[in-house]
Each structure stands twice: as structure tokens, then as C-alpha cells.
Amino acid sequence: SQTIHQWPATLVQPVGSPLSLECTVEGTSNPNLYWYRQAAGRGLQLLFYSVGIGQISSEVPQNLSASRPQDRQFILSSKKLLLSDSGFYLCAWSPGTGDMGYTFGSGTRLTVV
Amino acid sequence: DQQVKQNSPSLSVQEGRISILNCDYTNSMFDYFLWYKKYPAEGPTFLISISSIKDKNEDGRFTVFLNKSAKHLSLHIVPSQPGDSAVYFCAASSEFSGNTPLVFGKGTRLSVIA
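Quick mapping for you: the protein sequence lines, in order, are chains A and B.
Mapped onto my numbering, the consecutive letters of the first sequence carry residue numbers 984 to 1096.
Mapped onto my numbering, the consecutive letters of the second sequence carry residue numbers 11 to 124.
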């Protein structure tokens, strides 16, 4: 069966520090991968998605970036965090072959102080 | 421009009664709709979906209704249970192939009171 792992679960980082959140999927190949953020009162905001290795689409211009170095690995990064980057970050995957079912990871609560 | 709107941030319902969560969309190209349920500090989980060729889909206590002319869908939960208390997200897609990301609403927080 397919599983998705996202870590860490919680993170407190100072303003200006770097960020690296990792997400991996097991039990499937060539998944579509997504990074979402849930900020207070803003619902689920799509940040990045990828339909293949090295293919990243950015939905929201900001100081975050994403990379997909391997088929089932998706990384969210920042060189310098801002206070406004605080939120609940969610990784998700979908088969991308006529199936819209998304499976989400357990999320990372990021607090920038 | 918000393409998927959930205009009620919160809803309170008594246990055993019906919960009705509403969702409106503006993009007429959307042809597949989903509902997700989210508990605090967890990722959302898939609840139920409907394609534009249908106007109703039922799964146990959960039923989704789609009114394409009004660009409106609703999720009915009958009977409501305390464990249904969560945030519910409506989502939509214009491409069933799965390569176009889902667009989510802002969510509605449902509280079922015992």
C-alpha cells in the first residue's frame, strides 16, 4: 500500500533562518506531488506541484522554493524565513492518471519567531 | 480571485440532526468536485466526490449534491455525530486526468454538539 511521510511534525525557526521540509511517498511510482499551506483564515493554499522529477510548478511567488530530486521525494525550502511563512504545511500525492484522489501527509506546523 | 468559495466559516449542529455544508464555484470548467475532512494538526482526508455528469452521490451518512446551473454543491451529513466535528474543505478540478491541481475552498468548521 502507498504511504506518505512528512517531517518534522513541528518546527520553530527564527526569522532569517533557512528551512527544509521533506516529504516522501512509498508504494507507488511517478506520483504527482504537492505542497500546500494552511494559514489562519486562508484555507489550503497550493504552493508548488510536480508531475515528474525536476518538474516544479510554482503557484505563489514568495521566498519559498521546491525541489524533486527523486521520483518520490519532494522538498520545500527557504533561504531566509519570514514571519509570514508561519503556518501548517502539507505535502500530498496523487496518482495523476485519471484519479483525483489526493493523499495528504500529517503536516508540519512551522512557527517563525 | 477565489474560484471555490465556502462562505460559512463555521457551523454548529446538534447530534443526530442534519449538517449541510455549502460550496460555490465560479469556474465553469470545473467538472470534478471533492470534499475533504480535516482534524487539527492532521492532514485532510478524502470524504466523498462527485463528477459533473451526476447531481448526487451518496456514501453512508454522507451525500453530496451538485447543481451545475447554480455552480453550487453541498455536503449533507445525516445523522451528525460528535466525531464529525472537523474542518471540511470543498475542492474542484477542471481536469479529471489528475495533472491539474485541486483548488480548495477556505473550509467550514463543523461542530456537532452532543
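Treat the hints with caution; some may be incorrect.
[What the hints assert, rightly or not] Derived Cβ-Cβ restraints for the label pairs, each shown as a range:
1. B:K66 <-> A:Q1038: 34 to 40 angstroms
2. A:G1010 <-> B:E52: 19 to 25 angstroms
3. B:R27 <-> A:S1048: 43 to 49 angstroms
4. B:S62 <-> A:L1066: 28 to 34 angstroms
5. A:S1041 <-> B:Q12: 18 to 24 angstroms
6. A:R1092 <-> B:Q12: 23 to 29 angstroms
7. A:S1012 <-> B:R27: 32 to 38 angstroms
8. A:G1010 <-> B:R71: 47 to 53 angstroms
9. A:K1062 <-> B:K66: 48 to 54 angstroms
10. A:Q1028 <-> B:S104: 14 to 20 angstroms
11. B:Y49 <-> A:E1005: 21 to 27 angstroms
No lab work stands behind these hints, which were simulated from the structure alone.
Keep in mind the model is a prediction, meaning the values are calculated, not measured.
Glycine is no exception: its CB is placed at the ideal position from the N, C-alpha and C atoms.
We went through each hint and held it up to the structure:
1. B:K66 <-> A:Q1038: 34 to 40 angstroms: Since K66 of chain B and Q1038 of chain A have Cβ atoms about 37 angstroms apart, the given range 34 to 40 angstroms holds.
2. A:G1010 <-> B:E52: 19 to 25 angstroms: Roughly 20 angstroms apart at Cβ, these two residues keep to the hinted range, so it holds.
3. B:R27 <-> A:S1048: 43 to 49 angstroms: 47 angstroms, holds
4. B:S62 <-> A:L1066: 28 to 34 angstroms: Cβ of S62 of chain B to Cβ of L1066 of chain A: about 41 angstroms, so the range 28 to 34 angstroms is violated.
5. A:S1041 <-> B:Q12: 18 to 24 angstroms: At roughly 19 angstroms between Cβ atoms, Q12 of chain B and S1041 of chain A fall inside 18 to 24 angstroms, so the hint holds.
6. A:R1092 <-> B:Q12: 23 to 29 angstroms: Once the Cβ atoms are compared, 25 angstroms apart, the range 23 to 29 angstroms for Q12 of chain B and R1092 of chain A holds.
7. A:S1012 <-> B:R27: 32 to 38 angstroms: Since S1012 of chain A and R27 of chain B have Cβ atoms about 45 angstroms apart, the given range 32 to 38 angstroms is violated.
8. A:G1010 <-> B:R71: 47 to 53 angstroms: 30 angstroms, violated
9. A:K1062 <-> B:K66: 48 to 54 angstroms: Holds, since K1062 of chain A and K66 of chain B (Cβ atoms, about 49 angstroms apart) stay within the stated range.
10. A:Q1028 <-> B:S104: 14 to 20 angstroms: The hinted range 14 to 20 angstroms holds for Q1028 of chain A and S104 of chain B, with Cβ atoms some 18 angstroms apart.
11. B:Y49 <-> A:E1005: 21 to 27 angstroms: 23 angstroms, holds
Checked against the numbered hints given earlier, this structure breaks hints 4, 7, 8; the rest are met.
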